[in-house]
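Reassemble the complex: the two chains are provided individually, in unrelated frames, and hints are given to aid placement.
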Amino acid sequence: MDIVKYTRNQWDRIGAWLCVIGGAVALLVGYLGVSDTLNTGEQMPYIVSGGMVGLFLLGLGALLWLSADLRDEWRKLDAIDRHLVETNRLPAPSAEGSDVASPERNGQVVPREVSLR
Amino acid sequence: MSATHPVGVAPSPWTAGQRLVLAVLLVVGVGGLLAGYTGTSGTLRVGHQVVWIDLAGAALLVSGAGVILFLTAGRRAIGQRRLGLFGNVVEGGAAAALATGVAAGDLVSAPTMTKYHRADCSFVAGKAGVVAASAAGHEQAGRRPCGVCLPGGDA
Chain A
447 MDIVKYTRNQ
457 WDRIGAWLCV
467 IGGAVALLVG
477 YLGVSDTLNT
487 GEQMPYIVSG
497 GMVGLFLLGL
507 GALLWLSADL
517 RDEWRKLDAI
527 DRHLVETNRL
537 PAPSAEGSDV
547 ASPERNGQVV
557 PREVSLR
Chain B
7 MSATHPVGVA
17 PSPWTAGQRL
27 VLAVLLVVGV
37 GGLLAGYTGT
47 SGTLRVGHQV
57 VWIDLAGAAL
67 LVSGAGVILF
77 LTAGRRAIGQ
87 RRLGLFGNVV
97 EGGAAAALAT
107 GVAAGDLVSA
117 PTMTKYHRAD
127 CSFVAGKAGV
137 VAASAAGHEQ
147 AGRRPCGVCL
157 PGGDA
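As given, the protein sequences belong to chains A and B, one line each in that order.
Under my numbering, the residue at position 102 of the first sequence is numbered 548, and the numbers go up by one with no gaps.
Under my numbering, the residue at position 92 of the second sequence is numbered 98, and the numbers go up by one with no gaps.
Isolated chain B, as found in the complex (with noise of 0.2 Å):
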């Protein structure tokens, strides 16, 4: 498969440590199985059967850790660069606010949008054109308050 990923990008949320731990675990598990059957179907004696069906079992859950981990350390890997991405959309907003000389209170708006927002808004971000005005400013311009960073509630 061609790598398509970013550069300076894995090209999946799992390192080749993590994808070891996980063949390894499951290798594990499935020779416990295997000795789990083969020592439970080599003998009648039920005393003699319940350490082989106790490997089993261990082996099972051995495995199932490895499963629950390998997941986990996918979702918090894509958590991490879901993070990285968006995370600091707020930050991106404020500042590019702050660069256009408006302030961070002021509600602001553009000739070709249909709604207006806080300064600080992310929707506003990089907008040209950006004006302030107050609330019943935009309402009679036809205007409605953003429903994300809602300008005209609380704080």
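This is chain A alone, in the form it adopts within the complex (with noise of 0.2 Å):
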């Protein structure tokens, strides 16, 4: 498998692991930070840069693999959207400004209305 590739198409889920992993790196440091010293002043640093980071890179771990995913769906939704304007179960998108035609809601472009016939 080209590598190169492999990391461009799944650049967002490798970015995840990453995430996950320096998480938990983050948090197995500042335990061990934390467990070294009995000086609540010196514990502090480590609560902060150790599980704070840590669970600020677990949440953004999982929000890269859960966007990803997003993504994947959409792509799909893209390729049955395809298919079903070749198909012609779906009026092609006109530039007379149709029905067909995406309204904008909330700022997001929203499909065409289908009827799967």
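Everything labelled a hint here was simulated from the structure, so no lab data went into it.
Bear in mind that the values here come from a model prediction, so they are computed numbers and not experimental data.
Built from N, CA and C at the ideal position, the CB exists for glycine as well.
Heads up, some of the hints might be wrong.
DEER-style ranges, computed between Cβ atoms [as the list claims (entries may be wrong)]:
#1 A/G461 <-> B/A147: 55 to 61 Å
#2 B/R88 <-> A/T483: 26 to 32 Å
#3 A/G461 <-> B/T118: 46 to 52 Å
#4 B/T44 <-> A/L464: 21 to 27 Å
#5 A/D518 <-> B/A116: 34 to 40 Å
#6 A/I460 <-> B/A109: 43 to 49 Å
#7 B/G148 <-> A/E532: 30 to 36 Å
#8 A/V471 <-> B/G23: 32 to 38 Å
#9 A/S481 <-> B/D60: 22 to 28 Å
#10 A/W463 <-> B/S140: 58 to 64 Å
Structure follows, in structure tokens:
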């Protein structure tokens, strides 16, 4: 498998794994730092740099992974949309601005209505 | 990346504004965490560190809220698009049934089909050679009831 192509296609999932690994390492470092001293003043920086940064990276990893899933789903809907247009089950977008044209809804371009007949 | 999405449809579930909001909130989170670390590591007095811990915690919550908003917006956009593509299958099937002259309550099938359906079932929409018959007639022809529209069931 072409590693460059794979990385380009799956950059978000690779990034998600890197964030999760980084988050786990940060949590471990934070734990080791906190458990290494009884002085609360020395423990506080580890809570931030280890605990909170670790949580942040874990959340970022989850964001990247879930957004990759959503993008995949969007692309599948693209394929279905194209197939419906090609098989004449969905009118191609027209320039006249009929109901086929996609209206804006909350700033998001929404799809055309279709009747699967 | 080439634009493989259909004309008139956004290339991704998110608008540029939603991406910008996420980026801003993530930057706020990173900035808060950096400030929190710098503040707590600059002193050993817990009373002074608590403020920075609070700041870092608030920044973490803000960035978490951004993540949740972003994912929710994407999920909502996909839901709207799916509804637009598949939401009116039933209406389409009913219109097709009426166009063929079959009454809405009839049980129908086609010669090439192995199951019989209600006339407004989407599985017979657009099928050629659809004929109506009683349930017994379809059963005698070796057809079984559709598992989706349940022609032998209630209503």
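Here is how each hint holds up against the structure:
Under the hint 55 to 61 Å, the C-beta atoms of A/G461 and B/A147, about 57 Å apart, fit the expected range. B/R88 and A/T483 have their C-beta atoms about 54 Å apart, which leaves the hinted 26 to 32 Å range violated. The beta-carbon spacing between A/G461 and B/T118, approximately 49 Å, falls within the hinted interval of 46 to 52 Å. At about 25 Å, the beta-carbon gap between B/T44 and A/L464 stays in the expected band of 21 to 27 Å.
As the Cβ distance of A/D518 to B/A116 is approximately 36 Å, the hint placing it in 34 to 40 Å holds. Under the hint 43 to 49 Å, the C-beta atoms of A/I460 and B/A109, about 57 Å apart, miss the expected range. Evaluation of the 30 to 36 Å hint for B/G148 and A/E532 yields a pass: the beta carbon distance comes to about 35 Å. Between A/V471 and B/G23 the beta carbons are some 34 Å apart, a value that agrees with the proposed interval 32 to 38 Å.
In this structure the hint that A/S481 and B/D60 lie 22 to 28 Å apart at CB holds, the actual value being about 23 Å. Here the CB-CB span from A/W463 to B/S140 is close to 60 Å, well matched to the stated 58 to 64 Å.
Violated hints, listed in ascending order, are 2 and 6; each of the other numbered hints is respected by the structure.
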